[in-house]
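Kindly produce the complete structure, drawing on both the sequences and the hints.
Residue numbers (my numbering), protein chains in the order written: chain A, 1 to 113; chain B, 1 to 113.
Keep in mind that the hints were calculated from the coordinates and are not lab data. Treat the hints loosely; a few may be bogus.
Partial selection, computed: residues in chain A whose CB lies under 10 Å from chain B [to be verified]: (1) Gln6; (2) Phe36; (3) Leu44; (4) Thr45; (5) Ser46; (6) Ala91; (7) Arg93; (8) Asn98; (9) Ser99; (10) Thr102; (11) Phe103; (12) Gly104.
Yeah, the Cβ is synthetic: ideal placement off N, Cα and C, and Gly gets one too.
For reference, the chains in residue letters:
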Amino acid sequence: KQEVTQIPAALSVPEGENLVLNCSFTDSAIYNLQWFRQDPGKGLTSLLLIQSSQREQTSGRLNASLDKSSGRSTLYIAASQPGDSATYLCAVRPNGANSKLTFGKGITLSVRP
Amino acid sequence: DTGVSQNPRHKITKRGQNVTFRCDPISEHNRLYWYRQTLGQGPEFLTYFQNEAQLEKSRLLSDRFSAERPKGSFSTLEIQRTEQGDSAMYLCASSFGTQQPQHFGDGTRLSIL
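Here is the structure:
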């Protein structure tokens, strides 16, 4: 059974800092990995999707990397801003026809002005 | 692209009542997913549809839960004889095919009195 872990559960940083959010998964037979952002009381916003054949994806100040063999992904946020404060979740999709996502519990990020 | 729409946003009901939620996916997305999220946890997969066919149901989906997607467009999730443990955020997502990211709605928050 796939398990996704995100540690720490919460993180507080000053504005402007570059930071890395970690995600690990137990079964490396994944089809892709997706990073999401969730604001309080809201749904999930897709940030980046990395296919299993890719090593990284970039969008603006965000860069996500994937090391499938070691079961790890990182989300790098450059020059953090208070507006980045949210919960960040990673989710993996297994190989095969099944496209359900298995999520971690998320990391709640607070960026202090 | 108007995004995934879910209604209602909030539902408060007494234990034992039946409730129904609706999800309108992004047009042209052939896959539709339901997830459930409790406080402090990542979303958990419930079920998914490809067009009108329900292809997988999680063990979390007891016989009190039923989901439909008539004509492969909108979907409904019904919970019969609600219990306290059903209190959660119910999230709907859609995607076009298996390689594209899943896009989530803002969810329906269910509170059982």
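Comparing the hints with the structure gives:
For Gln6(A), the interface hint holds, the least distance from its beta-carbon to any beta-carbon of chain B being 8 Å, beneath 10 Å. Interface restraint check for Phe36(A): the shortest CB-CB distance to chain B comes to about 7 Å, inside 10 Å, so the restraint holds. The beta carbon of Leu44(A) comes within 4 Å of a beta carbon in chain B, closer than 10 Å, and the hint placing it at the interface holds. For the restraint placing Thr45(A) at the interface with chain B, the shortest Cβ-Cβ distance is roughly 7 Å, inside the 10 Å limit, so the hint holds.
Because the smallest distance between the Cβ of Ser46(A) and any Cβ of chain B comes to about 5 Å, under 10 Å, the interface hint for this residue holds. Given the 10 Å rule on beta carbons, the hint for Ala91(A) holds: about 7 Å separates it from the nearest Cβ of chain B. At about 8 Å, the closest approach between the beta carbon of Arg93(A) and any beta carbon in chain B falls short of 10 Å, and the interface hint on this residue holds. The criterion of a C-beta within 10 Å of any C-beta in chain B is met by Asn98(A), whose closest approach is roughly 6 Å, and the hint holds.
Annotation: interface hint on Ser99(A) holds; nearest CB of chain B at approximately 5 Å, less than 10 Å. Look at Thr102(A): its Cβ gets to within about 7 Å of chain B, closer than 10 Å, so that hint holds up. Satisfaction of the interface hint for Phe103(A) is found here, the shortest Cβ-Cβ separation to chain B being roughly 3 Å, below the 10 Å cut-off. At its closest, the beta carbon of Gly104(A) sits 5 Å from a beta carbon of chain B; the interface hint therefore holds under the 10 Å criterion.
Checked against the numbered hints given earlier, the structure satisfies every one of them.
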